[in-house]
Every structure is written in structure tokens, then in C-alpha cells.
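Enquirer: This is what each chain is made of:
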Amino acid sequence: MTAYLVPADLTTRHWEGEETAVVRLDVQGTTHLVASEALAVVQAVASCGEAAAGLREIAHALGQDITDDPALAAGLQRIIDGLVQSGLLRQRPDDAEPGGEQPR
Amino acid sequence: MPSLGESSLDEVRTALRTNGADGGLRLRTGPYVARIRSPLPEVAESVAKLYRHHEVAEASSFVDFDVAVRRPRGARALRRPQVVFEFEGDEPFNPLPGDQGFPLLEWGLNWCVYGLCHQHLTLHSAVLERGGRALLLPAPSGSGKSTLCAALLFSGWRLLSDELALIDPDSAALLPNPRPVSLKNASIEVIQRFAPMVEFGSRVEETAKGVVAHFAPPAAAVRDSHRPAAPGFIVFPKYTPDAPARLVPMERSRTLMRLIENAFNYDIFGRAGFDLLGALVDRSECFAFEYGDLAEAVRLFDRLGRGERV
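In order, the protein sequences belong to chains A and B.
Per this note's numbering, the very first residue in the first sequence carries number 16; after that it's consecutive.
Per this note's numbering, the very first residue in the second sequence carries number 310; after that it's consecutive.
Derived from the structure by calculation, the hints contain no laboratory data.
Just so you know, these numbers come straight off a predicted model, no measurement behind them.
Incorrect hints may appear among the rest.
Simulated restraints, written as ranges between beta carbons of each label pair [what the hints assert, rightly or not]: (1) Arg105/A to Arg380/B: 54 to 64 Å; (2) Ser369/B to Arg105/A: 52 to 62 Å; (3) Glu33/A to Arg380/B: 18 to 28 Å; (4) Phe371/B to Gly78/A: 57 to 67 Å; (5) His427/B to Leu48/A: 20 to 30 Å; (6) Leu48/A to Ser317/B: 53 to 63 Å; (7) Met16/A to Asp477/B: 44 to 54 Å; (8) Gln43/A to His427/B: 16 to 26 Å; (9) Arg105/A to Asp576/B: 17 to 27 Å; (10) Leu48/A to Pro401/B: 28 to 38 Å; (11) Arg380/B to Leu48/A: 39 to 49 Å; (12) Glu33/A to Arg502/B: 52 to 62 Å; (13) Asp96/A to His427/B: 33 to 43 Å.
All C-beta atoms, glycine included, are put in the ideal place defined by N, C-alpha and C.
In isolation and in its complexed conformation, chain A is listed as follows:
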């Protein structure tokens, strides 16, 4: 399972009722306009605390059940992938998890 983390230098601005939000990465110095759905995913990952969150945990934090809903899961995964591509979420690779590949 791939797990995700929110970069420590991420800051957001969102005004209630608006369809978009602004997200900044301090270290890179980049600023992004994102849909409020994407912001909700970032906030859901952040709500999982320091532990990296997988797709299921993120869906749960959003109040969604993806167990029997592959379309919902795929839609959520697309948002996550976009956030990863923009650097607004970080991916923790499988082999960094306990039980994965061990250091040699």
C-alpha cells in the first residue's frame, strides 16, 4: 500500500464557500491554485498526523467508504496523484514501511 504525507512546509489559504484554495510550499517557494476537493484531501492526510495515510485512511478521513466503490476510489486516487505530482503530497514508498525491503 502506498502511503502519503503532507510536506512540513505546506501552508494553505481557503475562504469559506469558495471552489478553489491557494497552497504554498515554502522551501520550493511555489504557490498553487487547487480545487477545494484537492484541499480537502490534503487536510485529510494532515489529519492522520505524522503517520502516513493510505488511500483507505484518506477516504475514511473524508467520510467516504471506498470498499465497494472502485469509481470513488479511482477518483480519489486521481486527486492524490495530481497532488503528488505538484509536490503538495509526498509519497512514502512501500519499501520504507515496516515489513518491506530491509536495509542491507
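Let chain A serve as the given structure and place chain B on it in line with the hints.
Expert: Just chain B now, kept in the frame of chain A:
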């Protein structure tokens, strides 16, 4: 302190021509003092006319920008006449044709503000004020920003700047820096028709921006240069021929992004700049604005300035 208008043209010429530590003309423009030197008579005439309301700073004042506009030295001077802008002995720009001395001075002073002064966050935006509330018009060239700004300053709005918004990092207030108002091409005739009393300086043809002409900022705007304005309105103007004047509310997040795109030193401010522009947006009403008729646009802003629903 005396205003430049109290000096004769000969006195202005002499001050601009004088070199050495005490030479040059020290002018206070908003929060800055510029020391200007130029031996060129046409620059002296324009400075005397277009900065006539500005305060002449004391000889002991700290100088923020030490600039000169003169002919190039050496072999270049022997070919067709050119002018160069000098900042503290360096020439940051290529020479321009010889009749462009005053526009070059203005562009150079703009560069000094947005390129070198990072005590304020600077946006590419006109700023006016009415009823204590600032109106920002951030926009690139060709959007109708300068024309709209010029029309508004003749219609009850106080000019803070026609080109650069200076934001105080502590309060998010807009700091005045009124300087000669620059218009280009068709805008010059539009404003001559809108405000026939306006006195333009020399009209300079064939600049990189086309025909350029300046007029002096109103005396009251220069006199009130010490009085900042609280954030009030952020409006992104767009001139579209024949379009009815229309203010459309804009999402604050999109407004914030557009402000960042129009900021010169956002990267230098970093996170503080993000928070500062966010605070500016928090305290402002935000709109996109399209217009095709200047008089109609001014009427709409009149209602906005009076606090009416638009």
C-alpha cells in the same frame, strides 16, 4: 520643505547638472528620496514641469536612489544621439534614442522601486483611494489600467501610484508614491478628451512602448504622500471595445493568485509575502472588471467608492 515648483527652470537645470557629493536634485517621492542628475535640457524641463508639486529634500537627507540620465560616453556618443540611465555609477539598461531621456528616467526610477526596495511588497498595480479605502488595479500593460487610473484621479479618487503598489508588511496598508502619470498611444488622446485641463509634458514617439506622454500628479495627491490607505478594493481591469462596464465578484483565492503573479518581490518575502497578500485579500472586496467606455466605468467606480452595491 519647499516644492520643486518654487524653483525656476534655471535653478532646476543647475541642480540637475551639478555633480559631486552635494550635487543633483534630491526629490522626495513617497517613502523614497531620489537624487537625480542630468545635463540634458529636455530632462530638466520635464522634471521641472512634472515634479513641480514634489518636495525637494534637504541636502542631508538619506538618498535611496542615486540616478542620472545623460549621453553615453566614448564612441557611442559620436553616433546618433542616445541616452543612458545610470544607477550609482552602473548602467543597468541599454541606451535609448536621444529624445527618450525623461521616459528613461521614469522607467529607471520604477526599476529602482520594484527591483531594489524590499522593505515593501511591491505589485504591478495602480492604486487610488477614496473614503479611506484603497482601490488596487493590478494588471499588465494593455489592460486599460493606466487609462482607468488617470480618469479616476480626475473623478474624486486620490492617486497613490499609477504603476506600483507599495504594501507595508506590518499593516498591509498601501503607501503612496505618486509620480508623473504615464500614458501610452491612444490613451493619451482619451484622457485629453476626458480631462481637457490636463497638461501633458513632452510627447515622445517611437519608444519600445509606442508613444509615451506624462502628466503631473495632482498637487493634493503629492501633499498627502504621507497618508497611507487601508485595503478596500482589488479590481482586475480589462478594456474590451464596446463592452458594457461590469464588475464581477472574484473568488479571493483566485485574487490572491493573481496578486502573486503581479508581485515583483513575492519570492523575496517568501511565506511572509503569502501571509501579507492573504491579509490584503481578507480586507478587500475583489472583482474582475471589463469596460469599453471610460465615462461609464468612472460612474461605476463612483458608486463603488460611495459604498453602493454595484
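Enquirer: Work down the list of hints and note, for each, if the structure agrees.
Expert: Verification of the hints:
Distance hint check: the CB atoms of arginine 105/A and arginine 380/B are about 58 Å apart, consistent with the given range 54 to 64 Å. Taken as a hint, the range 52 to 62 Å holds for the pair serine 369/B and arginine 105/A, whose Cβ atoms sit roughly 56 Å apart. Separated by about 55 Å at the C-beta atoms, glutamate 33/A and arginine 380/B break the suggested range of 18 to 28 Å. A beta carbon spacing of about 59 Å between phenylalanine 371/B and glycine 78/A agrees with the range 57 to 67 Å that was offered as a hint.
The hinted range of 20 to 30 Å is satisfied by histidine 427/B and leucine 48/A, whose Cβ atoms lie roughly 25 Å apart. Separated by about 55 Å at the C-beta atoms, leucine 48/A and serine 317/B satisfy the suggested range of 53 to 63 Å. Separation of methionine 16/A from aspartate 477/B is about 49 Å and conforms to the stated range, judged on CB atoms against 44 to 54 Å. Look at glutamine 43/A against histidine 427/B: about 20 Å separates their beta carbons, and that is inside 16 to 26 Å.
The hint said 17 to 27 Å for the Cβ distance between arginine 105/A and aspartate 576/B, and at roughly 23 Å that hint holds. Taking the beta carbon of each, leucine 48/A and proline 401/B are about 33 Å apart, inside 28 to 38 Å as hinted. Distance hint check for arginine 380/B and leucine 48/A: the Cβ-Cβ separation is about 48 Å, which falls inside the suggested range of 39 to 49 Å. Our hint of 52 to 62 Å for glutamate 33/A and arginine 502/B is violated, since their Cβ atoms are close to 40 Å apart.
Aspartate 96/A and histidine 427/B have their C-beta atoms about 38 Å apart, which keeps the hinted 33 to 43 Å range intact.
Figure legend: structure checked against the earlier numbered hints; hints not met, in rising order: 3 and 12.
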